[in-house]
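There are 2 protein chains.
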Amino acid sequence: MRWSDGFIAVDWGSTNRRGYLVDGSGKCAGEFEDGEGMLSVPPGGFPAAVAQIREKLGDKPLLLAGMVGSNRGWVEAPYIPCPASLDQLIEKLVRPSDREAIVPGIADSSGERADVMRGEEVQLFGGIAAGLLDPDSLVCHPGTHNKWVTLRRGRIEHFRTVMTGELFSVLKDHSILADLLRGKVALGDAFSAGVRLGLSSQDLPAELFSVRARVLLGKAREEDAASFTSGLLIGTDVRIGLSYPTSAQVTVIGRPELTQLYAAAIRDANRPVCEVDGERCFIAGAAAIAEKLS
Amino acid sequence: MRWSDGFIAVDWGSTNRRGYLVDGSGKCAGEFEDGEGMLSVPPGGFPAAVAQIREKLGDKPLLLAGMVGSNRGWVEAPYIPCPASLDQLIEKLVRPSDREAIVPGIADSSGERADVMRGEEVQLFGGIAAGLLDPDSLVCHPGTHNKWVTLRRGRIEHFRTVMTGELFSVLKDHSILADLLRGKVALGDAFSAGVRLGLSSQDLPAELFSVRARVLLGKAREEDAASFTSGLLIGTDVRIGLSYPTSAQVTVIGRPELTQLYAAAIRDANRPVCEVDGERCFIAGAAAIAEKLS
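Going line by line, the protein sequences match chains A and B.
Under the numbering used here, think of the first position of the first sequence as 2, with each following residue one higher.
Under the numbering used here, think of the first position of the second sequence as 2, with each following residue one higher.
Among the hints, a few may not be true.
No copy is singled out in the list; a pair is fine if it fits within one copy or between any two copies.
Cut-off 30 Å, straight-line C-alpha distance, at most; resulting in silico cross-link-like pairs (DSS-like, lysine-lysine) [what the hints assert, rightly or not]:
1. Lys185 - Lys173
2. Lys185 - Lys61
3. Lys93 - Lys220
4. Lys28 - Lys61
5. Lys185 - Lys28
6. Lys173 - Lys293
7. Lys57 - Lys28
8. Lys220 - Lys293
9. Lys173 - Lys28
10. Lys57 - Lys185
11. Lys173 - Lys61
12. Lys173 - Lys57
13. Lys57 - Lys220
14. Lys28 - Lys293
15. Lys93 - Lys57
16. Lys93 - Lys173
Rather than coming from a laboratory, the hints here were simulated on the basis of the structure.
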């Protein structure tokens, strides 16, 4: 069972995992997604959770990225520091056995900075390897925790996390705005109005409350509140991310339903933007890593 | 049973209620606090919930303030607009019977503004009536939703809500920061460092994520995270509130455990500040209203 004959790459996050069977030519030949995230694995349960992946996609070598390598995961793969290259990442892979490799996370702790990522690095290096990302550029990687990443000569030079997705989620599920945020988020006038406010206002915790007040006072429609609030949070996120001193072009990488929202907000901030599919980059990154394994 | 012989004043919020028996001289002669907030009252259950108050404090007239007057409360007492005076508040009291009066909320909807309050207005007018608040001043009223209120000639001229308390609470109970925020919040170096960051940074959703990253990377102590994060949120709140163009002196009104945190943050922003007990203002405000009732 050699890595070059095909392997399984898993993006194993806190609450979900996605697995891809990558064949010898680097193509995706099978996949699954389930809710068996790191947090749902009981103590001592990782060997069984790993075996389950092989039951789904075949008895192949496993490349594991994401929170599975954290200090609450299967085997810890300590963070490597910025600036970080693909070669350094490969050098620091943690190998539970010849048949598994766990990708380390990356930390940005220069000066006053303090930031961490796990999982996004595979997509970033994969995007570069596949020619989908400019090796000198600014990348936006939305998700539960959006990452703004400065790439320089193909290395991850710096990055900053904005917890936009999680803020929206806790407000929707647990705050006084819950009733208002149940609607579907869609591009349109309400989203754009939220983006404009987020790009210009520095007062997020006040703007959030006024979402409800505007509806109560008849100044906004209840059915627009979810899109407006998503726009407000994403506009704030883009304002923070674009304060990076770097090139004009921004690439948004991730799931299309999210990248389209961020791309719209970045265009509203008058910056050229393109979108790249994160899954494709993940598979390319996993293949670039596996190529070096035996 | 005349109001001038004594009455019960209730600050009836979404999740809690606090009742005070106010005697004929305006003094508090008994009190209770329980979890029977507006949201816990079943449909049709308000008459029983009201009767329960009289069982606790006596068969007296009832003055009810807070969310009990909202569109999800007992009887709706519509918002009155800013600028709002005590006389206007009294004029718009809603009277389910001679024995009960419900205080309306106040709305600020001039121009682009959209904000609402319910309950705080009794404390504000009470503070003025009792000589505890300057009728021309800036008042900070922390709670689940902090209010920054501009008083002018004894009226509520403008106000803005910052949802600091609720943000801290949902982050503590439901976010990736949950583990870190269980500690006690206290004044000290960690709180002050958070305040300084909140006063200077416009990047709250990024600063929040780095609370966790700093601990992971050994740049901050886990036991300081709750105080630091509280300071970060309160510092952000104070930065927003002090952008009001108004007098130098700020008065913080509310529960002492909260007013001390805000007072420290306002001092860190180089503004003179004093603290006033909100309960005392509430009773004074209720007495000022009841004086006009028969």
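Next on the checklist: Hint by hint, where does the structure go against what was stated? Just the numbers, ascending.
Outcome noted: 2, 5, 6, 8, 9, 10, 11, 12, 13 and 16
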